[in-house]
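Protein chains in written order, with the working numbering: chain A, 16 to 238; chain B, 16 to 238.
Don't read these hints as lab results, they were simulated from the structure. Just so it is clear, the structure is predicted and the values come from calculations on it, not from any experiment. Beta carbons are placed, not taken as given, at the ideal position from N, Cα and C, and that holds for glycine. Be careful, since some hints might not be right.
[To be verified] Not everything, but these chain B residues come out facing chain A in the computed CB check (under 8 Å): (1) Gly57; (2) Thr86; (3) Arg88; (4) Gly107; (5) Leu138; (6) Cys140; (7) Pro158; (8) Gly160; (9) Pro168; (10) Ser173; (11) Gly176; (12) Lys181.
There are 2 protein chains.
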Amino acid sequence: MSTKTITVVRDLLATNKEAAAAIRCELRRRGILGVNLLSSPGSGKTTLLEALADRFRGRFRMAVIEGDIETERDAERIRRKGIPAWQITTGGACHLEARMIGKVIGEVPADIDFLFIENVGNLVCPASYDLGEDLRFVLLSAPEGDDKPAKYPQAFLSADGLILTKADLVPYVPFDPARAAAEALAIKPGLQVFTVSALRGEGLDRLAEFLAEALDRQRSRRA
Amino acid sequence: MSTKTITVVRDLLATNKEAAAAIRCELRRRGILGVNLLSSPGSGKTTLLEALADRFRGRFRMAVIEGDIETERDAERIRRKGIPAWQITTGGACHLEARMIGKVIGEVPADIDFLFIENVGNLVCPASYDLGEDLRFVLLSAPEGDDKPAKYPQAFLSADGLILTKADLVPYVPFDPARAAAEALAIKPGLQVFTVSALRGEGLDRLAEFLAEALDRQRSRRA
Chain A
16 MSTKTITVVR DLLATNKEAA AAIRCELRRR GILGVNLLSS PGSGKTTLLE ALADRFRGRF
76 RMAVIEGDIE TERDAERIRR KGIPAWQITT GGACHLEARM IGKVIGEVPA DIDFLFIENV
136 GNLVCPASYD LGEDLRFVLL SAPEGDDKPA KYPQAFLSAD GLILTKADLV PYVPFDPARA
196 AAEALAIKPG LQVFTVSALR GEGLDRLAEF LAEALDRQRS RRA
Chain B
16 MSTKTITVVR DLLATNKEAA AAIRCELRRR GILGVNLLSS PGSGKTTLLE ALADRFRGRF
76 RMAVIEGDIE TERDAERIRR KGIPAWQITT GGACHLEARM IGKVIGEVPA DIDFLFIENV
136 GNLVCPASYD LGEDLRFVLL SAPEGDDKPA KYPQAFLSAD GLILTKADLV PYVPFDPARA
196 AAEALAIKPG LQVFTVSALR GEGLDRLAEF LAEALDRQRS RRA
């Protein structure tokens, strides 16, 4: 990569960081916990959000910003759960950037607890872009294989939590959840690991509790 | 994106195109068919190459260039099949570029039939980079979901063939192969569609035949 290219990328990331800081500040002011979900395409981000919508109903209010290259499909799925959702279509770009979130954030209702951001399905590029979230999760689905953390380290290094998804498929694929977790923990010690099957509603209690506690912590810091 | 950024990206792509043209020329001169495999992480690119190595044994000679952000794992898997393999680790970059292939191509034995290039696992960025291949396949695994072509159109638009992988998992996941194929064909009419289970060795005959015919065509054009 030429020096010129590196400078441009650095400028983009610096501009992104400023926009992200403004979003983080605004979310904290409103007492909303921002959560950024990263993964490969088809790891189950939307299905997890649908399951959390069911789990949170009557207890917490959530909203979702969906990132995709094309189509409004994921936002439509979330809206069918009665959850406010905005679709950002990047039109080719491989990741969400903070300025894209900044354009939507004003429309997010003030009385919600969680703002989930589902990034473009890509285990590489989104890891470099802070979106002003308070928590970042990387999802890894069983059929992707337990060898992925070491091959795509940045996503795991930048995350606060790892969600091993599609646990219902473990009997049918070569995937050892313990190996996946160990490999991720070698990259990022202290990473919180959750194993879920969103389709079967399994493993969601611990994740929901973790999110509730993070929200409490954020609000008590503000108080 | 600023004008400056767009210019830099265009320069990069133009430089890549030149390097790709040189590789294509060199491969054709040697009578080698170059095949670029694109997909999300964990869609089964390496497993497909292992299965093709078994299928081709005694009939065709192949070599593999592996692209990953980190680790030599995939090249090691291919070498265990007795196939020459080179690992390119991009150290963070989300795709292979032609100049990376250019650095390795001199080491590829002259007497092989197929040079497979397994790109970095990413359904977005690799689609923009010509690596000098003659054929490009995009892989989509059943657990990723049949809604992916419209959400990641560039990869499907740029491909010559679509390989629906992990067909053995279809009974366990919400995936309609016909819907996935129809959606991909709406983006790229004429796309060749193959359905395989590399683990079970199913669906490989048609794919192997397609590759053999493409090799014949390339060599007869050269003669």
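Quick rundown of the hints versus the structure:
no.: 1; hint: Gly57; verdict: 3 Å, holds
no.: 2; hint: Thr86; verdict: 5 Å, holds
no.: 3; hint: Arg88; verdict: 6 Å, holds
no.: 4; hint: Gly107; verdict: 7 Å, holds
no.: 5; hint: Leu138; verdict: 5 Å, holds
no.: 6; hint: Cys140; verdict: 5 Å, holds
no.: 7; hint: Pro158; verdict: 4 Å, holds
no.: 8; hint: Gly160; verdict: 5 Å, holds
no.: 9; hint: Pro168; verdict: 6 Å, holds
no.: 10; hint: Ser173; verdict: 12 Å, violated
no.: 11; hint: Gly176; verdict: 19 Å, violated
no.: 12; hint: Lys181; verdict: 7 Å, holds
The structure fails to meet hints 10 and 11 from the earlier list, while all remaining hints are met.
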